[in-house]
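Fit chain A to the given chain P structure using the hints.
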Amino acid sequence: DTEVTQTPKHLVMGMTNKKSLKCEQHMGHRAMYWYKQKAKKPPELMFVYSYEKLSINESVPSRFSPECPNSSLLNLHLHALQPEDSALYLCASSPGSAEAFFGQGTRLTVV
Amino acid sequence: GQQLNQSPQSMFIQEGEDVSMNCTSSSIFNTWLWYKQDPGEGPVLLIALYKAGELTSNGRLTAQFGITRKDSFLNISASIPSDVGIYFCAGRWSSGAGSYQLTFGKGTKLSVIP
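Chains P and A, in that order, are what the protein sequence lines are.
1 is the number of the first residue of the first sequence in the numbering used here; add one for each residue after it.
1 is the number of the first residue of the second sequence in the numbering used here; add one for each residue after it.
So that you can see chain P by itself, here it is in the shape it has in the complex (with noise of 0.2 Å):
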């Protein structure tokens, strides 16, 4: 099973609205990452959480929260959103050193 599970699959949000982005996996990966992809580009890394810790935070803006409850979940907590952050949200998964796998991605209109 290589499954990275993301809900929800399409989200649109206003300006003011407080909304969060989960993803799971059950693959025991001890690393979960978050990435924003634009139309026509490859997919930048936002956030890195190792054993459940935040180990790296790509000069993310504020409004963007990431959380790790525990070691099959991840959310990333929206609020005040401008519309440049609409976009397709990826999550992945990875056991280590090894290869990444990414969930379906949630795409975000901020309107």
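What the hints contain is simulated information worked out from the structure, not anything from laboratory work.
Incorrect hints may have been included.
As the list claims (entries may be wrong) - Okay, derived cross-link-like pairs now, DSSO-like style, lysine-lysine, Cα gap no bigger than 30 Å in a straight line:
#: 1; chain 1: P; residue 1: K9; chain 2: P; residue 2: K40
#: 2; chain 1: A; residue 1: K70; chain 2: P; residue 2: K40
#: 3; chain 1: A; residue 1: K109; chain 2: P; residue 2: K40
Relative to the frame of chain P, chain A by itself:
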């Protein structure tokens, strides 16, 4: 920072033709990964390469990890319409403290003409 140059940017080929794309870098990577992404979906891992010089196949796909650890190529033989999509190479490197990151190429958009 780490950068990957992926080429070509796009390809239009006839069904049945072979395809080749590659990635080069000035940096050394300890793992090379090749992903395919369909519109609106997440990248799907095609092939992972772990050792310099390694040649790995997955069905009609063949990829190699360059001997200098700074490049990789992906070949697709006898292309079919479902091969359409964007192919990304990614180099994996250690960012310290037990964390690893991926650096992605800009992608190769493949179009197959039936």
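Given hint K40/P paired with K9/P - CA-CA distance at most 30 Å: holds (19 Å)
Pairwise hint evaluation, K40/P against K70/A, where the allowed Cα distance is 30 Å at most: Given that 30 Å is the threshold and the Cα spacing comes to 24 Å, the pair holds.
Proposed proximity, K40/P with K109/A (alpha carbon, max 30 Å): holds (9 Å)
The earlier numbered hints are all upheld by this structure, with none contradicted.
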